[in-house]
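*Asks:* Each chain, letter by letter, is given below.
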Amino acid sequence: MEFKELDPILHSQLRLAVISLLISVREAEFTFLKEKTNSTAGNLSVQINKLKDAGYLDVTKQFSNNYPQTICKITKKGIEAFESYVNALQSYMKPGAE
Amino acid sequence: MQHEQQLSKEESLEIIHQMIGQAKTNITDNGLSWLLWGSLLFLTSLSTYIFIDIGSDNIYLGWNIFGLISILLLAYDIFKPKKKLVKTYIDDVLKWVDIGFMICLFTVILSINISVSPNVGFGFFLMIFAFLMIVKGGAIKSWALKAGALINWAGAIGIFFCTVFKYDMLIMAATILTGYILPGLVLWLQHKKSKKTL
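In the order they appear, the protein sequences are chains R and F. If you read the first sequence in the numbering used here, its first letter stands for residue 1, the second for the next number, and so on. If you read the second sequence in the numbering used here, its first letter stands for residue 1, the second for the next number, and so on.
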């Protein structure tokens, strides 16, 4: 049986958590992601930048009521990468795969 | 949450499962807009009934005032600063449902002013209120809104059967009280209760 390789960008706890959250909602603010992933702002910021550099996320910085806001949105490439990642995981999980 | 920790396949699946569960930002409604609009509609319908009953010259005074307040409230709603941490796909759908509802509402108002008899026109109002309530009730899984929708449809049928405009307004007021204000009150109480338990 042939195993698909797991995407190293997604095969990390926090980055996978961020992508999994964003696959379920259309877009989310940085503080929402921070709260749901229970991570620190610095760590989350680094991981979001890695996902952005990979083209998996669109990150928009804007001001709302004089407060800075960072909005994250999954891209088409990000959705495809997540789907491939889940498919690869499934191929490992099939009975007799390991 | 650690970020570069080596993940097993099971852990990966667990993270995906957990985060998708976390993203279910229970869409809630605090019920205030149903209470506000319901109270306005109730008072306006009742005022029209009273104006007809006492033989007033301007029986639509209440609706004129209601129209002005509505424009102010809608303008406030459009321009007020909004701070949402997350936008879901359901938010997008509900936004278009709201736009469709407003267009239907203004089309009915226009039709009453052009050719449709108010005797029938107010029934159309209740029909589109019911439509909005059943969609929102389905989206937020609220039995109160779904029940409100049924009451509004019943009220609409009542208005279509009733031929006396004065009583149409009484049916309208009763329908709004039971099918609009009460569901709003239920949502408000549920919202208050859920805040307390947090």
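Honestly, the hints are just simulated from the structure, not real lab data. A portion of the hints provided could be inaccurate.
Computed spacing ranges between beta-carbons, pair by pair [claimed, not checked]: (1) F:Leu68 <-> R:Asp53: 47 to 55 Å; (2) F:Lys80 <-> R:Asn38: 27 to 35 Å; (3) R:Glu35 <-> F:Tyr167: 17 to 25 Å.
No more than 25 Å apart at the CA atoms, straight line, and that leaves these computed lysine-lysine pairs for BS3-like [what the hints assert, rightly or not]: (4) R:Lys77 <-> F:Lys87; (5) F:Lys146 <-> R:Lys76; (6) F:Lys9 <-> R:Lys50; (7) F:Lys146 <-> F:Lys192; (8) F:Lys95 <-> R:Lys76; (9) R:Lys73 <-> F:Lys87; (10) R:Lys76 <-> F:Lys9; (11) R:Lys76 <-> R:Lys61; (12) R:Lys76 <-> R:Lys4.
Okay, the calculated bits of chain F under chain R, using three or more residues with CB under 8 Å as the criterion [to be verified]: (13) 10 to 23; (14) 49 to 61.
C-beta: ideal position from N, C-alpha, C; glycine also.
*Asks:* Checking against the hints above, which ones are violated?
*Replies:* Hint check: 3, 5 and 14 fail, others pass.
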